[in-house]
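These are the residues of each chain, in order.
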Amino acid sequence: DGGITQSPKYLFRKEGQNVTLSCEQNLNHDAMYWYRQDPGQGLRLIYYSQIVNDFQKGDIAEGYSVSREKKESFPLTVTSAQKNPTAFYLCASITNQGGSGNTEAFFGQGTRLTVV
Amino acid sequence: RKEVEQDPGPFNVPEGATVAFNCTYSNSASQSFFWYRQDCRKEPKLLMSVYSSGNEDGRFTAQLNRASQYISLLIRDSKLSDSATYLCVVNRGFYSGGGADGLTFGKGTHLIIQP
Numbered sequence: 656d657g658g659i660t661q662s663p664k665y666l667f668r669k670e671g672q673n674v675t676l677s678c679e680q681n682l683n684h685d686a687m688y689w690y691r692q693d694p695g696q697g698l699r700l701i702y703y704s705q706i707v708n709d710f711q712k713g714d715i716a717e718g719y720s721v722s723r724e725k726k727e728s729f730p731l732t733v734t735s736a737q738k739n740p741t742a743f744y745l746c747a748s749i750t751n752q753g754g755s756g757n758t759e760a761f762f763g764q765g766t767r768l769t770v771v
Numbered sequence: 152r153k154e155v156e157q158d159p160g161p162f163n164v165p166e167g168a169t170v171a172f173n174c175t176y177s178n179s180a181s182q183s184f185f186w187y188r189q190d191c192r193k194e195p196k197l198l199m200s201v202y203s204s205g206n207e208d209g210r211f212t213a214q215l216n217r218a219s220q221y222i223s224l225l226i227r228d229s230k231l232s233d234s235a236t237y238l239c240v241v242n243r244g245f246y247s248g249g250g251a252d253g254l255t256f257g258k259g260t261h262l263i264i265q266p
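Going down the list, the sequences are from chains A and B. The number in the working numbering is simply the position in the first sequence, starting from 1, with 655 added. The number in the working numbering is simply the position in the second sequence, starting from 1, with 151 added.
Keep in mind that the hints were calculated from the coordinates and are not lab data. Quick caveat, the model's predicted, so the values are computed rather than measured. A couple of the hints might just be wrong.
As the list claims (entries may be wrong) - No more than 30 Å apart at the CA atoms, straight line, and that leaves these computed lysine-lysine pairs for BS3-like:
1. B:230 <-> A:712
2. B:196 <-> A:726
3. A:738 <-> A:664
4. B:153 <-> A:669
5. A:725 <-> B:193
6. A:712 <-> A:669
7. B:196 <-> A:725
8. B:193 <-> A:738
9. B:193 <-> A:726
10. A:725 <-> A:664
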C-alpha cells in the first residue's frame with residue numbers, strides 16, 4: 656500500500672541534543688512538508704521541498720534543518736538551537752502541485768517529541 | 152488579514168443538530184480548497200475537497216465562494232463521532248510565488264457534539 660510513514664512515533668530528547676525525525680513516502684509525490692503543532696494550536700510550516708535537492712524555509716525554520724537527497728525521503732533534524740522543541744511534528748506530501756489538479760495532502764502519523 | 156482564518160470555537164452542539172462553520176482566505180489566487188478532520192493527538196485526514204459548484208458527501212456539504220473568499224462546511228444530523236477539530240486548508244499552487252508555497256492551514260474549529 657502506498658503511504659507516508661513517520662518514525663519514531665514518540666521521541667525523547669535531552670537538552671542540547673540534535674535529533675532527526677524520519678519521513679518516507681512511496682506515493683511518488685514531488686512536494687513534501689514538515690509542520691509543527693503545539694497543544695490546542697494549528698499547524699505551522701517549518702520547511703518544505705518541492706523537488707529533490709531543493710528545500711525552502713517555512714514560517715518557523717529557526718532551529719531546524721532538512722535534506723532532500725531522495726524523492727521518497729525528507730528527514731527533519733531538530734537542533735540544539737531550537738529552544739522549545741516539545742511538540743507534535745507532522746510530515747505531509749502532496750500530489751499534483753501544478754495547475755488546478757487535485758492537490759490533496761497525505762500526512763504521516765506524526766512524531767511526538769518531548770525534551771527531558 | 153490572516154491568510155486562512157477560522158473561528159476556533161469550541162462549537163458545542165447537541166447530537167442530531169445541524170452545524171456550519173466558515174473559513175476565510177486572503178489570497179485570491181488560491182486554487183484548491185479542502186476540509187480536513189483532526190482527532191485529538193492524531194494526524195489530519197482529508198474530509199472533503201471543496202469545488203466551486205459545491206459538493207456533498209453524505210451528511211457533509213462543502214461550498215466555495217470565490218467572490219467573498221470563503222469556504223463553508225455544513226454537517227447535518229450530527230453524531231457524537233463528529234466531535235473533532237476541522238481544519239480549513241487552502242493551496243495556492245506551485246507557481247504562486249513569494250513566501251512559503253503550497254498548503255496553508257487554518258488553526259482549526261473545535262467541534263463538540265453533546266449527547
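For each hint, the structure was consulted:
1. B:230 <-> A:712: violated (40 Å)
2. B:196 <-> A:726: Satisfied, since the Cα-Cα distance of roughly 22 Å is no more than 30 Å.
3. A:738 <-> A:664: Distance of about 21 Å is within 30 Å: holds.
4. B:153 <-> A:669: With Cα atoms ~35 Å apart, residue 153 (chain B) and residue 669 (chain A) exceed 30 Å; violated.
5. A:725 <-> B:193: holds (27 Å)
6. A:712 <-> A:669: With a Cα-Cα distance of about 25 Å, the restraint between residue 712 (chain A) and residue 669 (chain A) holds, given a limit of 30 Å.
7. B:196 <-> A:725: OK: residue 196 (chain B) and residue 725 (chain A) at ~25 Å, within 30 Å.
8. B:193 <-> A:738: Given pair residue 193 (chain B), residue 738 (chain A) holds - Cα atoms ~24 Å apart, limit 30 Å.
9. B:193 <-> A:726: Holds: residue 193 (chain B) and residue 726 (chain A) sit about 25 Å apart, inside 30 Å.
10. A:725 <-> A:664: holds (22 Å)
Consistency with the previously given hints fails for numbers 1, 4, ordered from lowest to highest.
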